[in-house]
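Using the sequences plus the hints, can you model the full thing?
Residues 83 to 321 (my numbering) are what the sequence shown spells out, left to right.
If you're looking for bench data, these hints aren't it; they were derived computationally from the structure. Just so it is clear, the structure is predicted and the values come from calculations on it, not from any experiment. Watch out, some of these pointers could steer you wrong.
[Claimed, not checked] Across the chosen pairs, the derived CB separations fall in these ranges:
hint, residue 1, residue 2, range
1, PRO290, LYS235, 14 to 22 angstroms
2, LEU213, MET253, 18 to 26 angstroms
3, MET232, GLY278, 37 to 45 angstroms
4, PHE254, SER291, 30 to 38 angstroms
Even for Gly, the Cβ is constructed at its ideal location relative to N, Cα and C.
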Amino acid sequence: MAVTPAAVRTAAVRTAIAAAHRHWLVKPIGFNVNQCGFAPATPAPLTSHPIVTLHRHRPLGHARRWRNLPVYRPLVDLSTMEERHVILTYRLDRATIHELCAQLEADLMSPIRQPTGIPPLVQVLSVLHFLASGSFQTTVAIASGMSQPMFSKVLSRVLSALLKHMQSYIMFPEVGDLPTVKGDFYALGHNPNIIGAIDGTHVALVPPSRSEQVYRNRKSYHSMNVQMVCLADQYISHV
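And the structure:
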């Protein structure tokens with residue numbers, strides 16, 4: 083009996099399927115897969131080539147292998163620090179830091195919880211340390227256990243979250259509160275009709291290259307001139 087090209091192709095496909103059957107799920111196109119074997123669904127032209135797609139499956143009893151992801155391990159533990167050291171490092175006491183973290187947590191949490199994510203508390207502590215010390219990003223990043231590019235993203239994220247809540251904390255007294263404000267100032271130094279103590283300061287910075295001259299002050303270094311107003315209890319009411 084003569085062997086036709088179609089029979090040769092069919093035999094080749096059966097051989098390939100049988101070899102892969104133990105470790106692959108086989109889905110041939112143009113063939114019916116059943117318990118009895120493989121039979122052509124329709125006669126294939128001599129010029130056509132049967133196409134087989136192989137779908138790998140996991141043998142029973144074999145657990146999925148997950149890639150080991152690096153887990154961020156904080157280098158700072160606020161609970162082990164003395165209160166005096168906490169205030170010296172972050173300019174805020176422990177209770178205020180936890181309150182701030184609770185308010186910013188929704189803005190600092192990643193949409194997808196991952197073990198590699200930096201906890202909101204670490205983000206807040208690193209940014210507070212940066213603002214309190216005026217140090218370089220690289221120095222603060224190393225102390226916080228992250229890279230400088232990562233800290234740069236954390237800094238932008240935390241500052242944006244703080245700005246969202248700024249109006250809830252920094253506000254000028256209402257007209258109805260002015261008598262109380264004046265009374266508080268009068269109790270300090272017997273000066274009447276004072277509703278705020280105003281002053282300014284130069285905050286040193288690295289200027290953008292395109293507008294460097296705008297940030298150069300009269301003492302020949304780059305800064306931003308900031309004006310602040312506070313109440314008798316040192317509560318900031320205007321920036």
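Evaluation of the provided hints:
For the hinted restraint 14 to 22 angstroms between PRO290 and LYS235, the CB-CB distance of approximately 19 angstroms keeps it satisfied. At roughly 21 angstroms, the beta-carbon separation of LEU213 and MET253 lies within the given 18 to 26 angstroms, and the hint holds. Range check, MET232 to GLY278: about 40 angstroms between beta-carbon atoms, so the 37 to 45 angstroms window is met. Checked against the hint of 30 to 38 angstroms, the C-beta distance between PHE254 and SER291 comes to roughly 36 angstroms, which is consistent with it.
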